Amino acid sequence: RKEVEQDPGPFNVPEGATVAFNCTYSNSASQSFFWYRQDCRKEPKLLMSVYSSGNEDGRFTAQLNRASQYISLLIRDSKLSDSATYLCVVKYNNNDMRFGAGTRLTVKP
Amino acid sequence: ETGVTQSPTHLIKTRGQQVTLRCSSQSGHNTVSWYQQALGQGPQFIFQYYREEENGRGNFPPRFSGLQFPNYSSELNVNALELDDSALYLCASSLGLATTGELFFGEGSRLTVL
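As given, the protein sequences belong to chains A and B, one line each in that order.
Quick note on the numbering used here: the first sequence kicks off at 1287 and runs consecutively.
Quick note on the numbering used here: the second sequence kicks off at 2 and runs consecutively.
Be aware that a few hints might be false.
[What the hints assert, rightly or not] Straight-line distance between alpha carbons at most 30 angstroms, and here's what the computed DSSO-like set of lysine-lysine pairs gives:
| id | chain 1 | residue 1 | chain 2 | residue 2 |
| --- | --- | --- | --- | --- |
| 1 | A | K1394 | A | K1328 |
| 2 | B | K14 | A | K1331 |
| 3 | A | K1328 | B | K14 |
| 4 | A | K1365 | A | K1331 |
[Claimed, not checked] Derived CB-CB ranges, DEER-like:
| id | chain 1 | residue 1 | chain 2 | residue 2 | range |
| --- | --- | --- | --- | --- | --- |
| 5 | B | P62 | A | E1301 | 41 to 49 angstroms |
| 6 | B | L12 | A | A1303 | 37 to 45 angstroms |
| 7 | B | S66 | A | V1299 | 22 to 30 angstroms |
| 8 | B | A81 | A | S1312 | 26 to 34 angstroms |
| 9 | B | L115 | A | S1354 | 41 to 49 angstroms |
| 10 | A | A1306 | B | L115 | 39 to 47 angstroms |
| 11 | B | P62 | A | A1315 | 36 to 44 angstroms |
[What the hints assert, rightly or not] Listed next, the stretches of chain B that the computed footprint assigns to chain A, with coverage defined by at least 3 CB atoms under 8 angstroms from CB atoms of chain A:
| id | stretch |
| --- | --- |
| 12 | 35 to 43 |
| 13 | 103 to 115 |
Quick caveat, the hints were computed from the structure, so don't treat them as lab data.
These numbers were taken from a predicted model, which means no experiment stands behind them.
Heads up, the beta-carbon is just placed ideally off N, CA and C, and yes, glycines get one too.
Model the full assembly from the supplied sequences, consistent with the hints where possible.
Below you can see the structure in the form of structure tokens.
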């Protein structure tokens, strides 16, 4: 079983749609959690951190359930520019960060 | 741009050869992490260097080795190349031990092993 598992995707949605990505992690020692975004043929970039209380950044909402070892990302009012691969990331105490395989999103006009 | 530069951007090697990849971290960053990203997969942690010492390693064999220099730039060396080593190698820099979770990635070195 992979340490970080994500919805396989791809997700193809129309502009304005709401889309949700799920992620589970297997190691309960995971310390911190993040979503990164990777555009095609580009490097990953931090999208947002994920806090236990849930957190929002504009159209993006992240949730964490430590008991279920589950992380989610919700994107509201999708834009064409949201098309990318979304990577779920967990960080351990020794500072190594484990990435999921990513979920590809395509937003269509 | 992140300010993290990697070289070379592309290279082709044959099985059994050795390769050295280079990374210059963002100004002021003292930590460098290396990742391997195979096609269609997420980045896989190879190791991290903090102030010139290895500070954590993923599940990669000893033929993957690295160095960090006093100016915090870094090298990734891979010996006895195998076909499965073909991938994008990403370097990421951070200030300290990335407690905020923000890694600044370079654009990567794409290695093809024939």
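Structure-inconsistent hints, enumerated in ascending order: Numbers 7, 11 - these are the hints that the structure violates, sorted from lowest upward.
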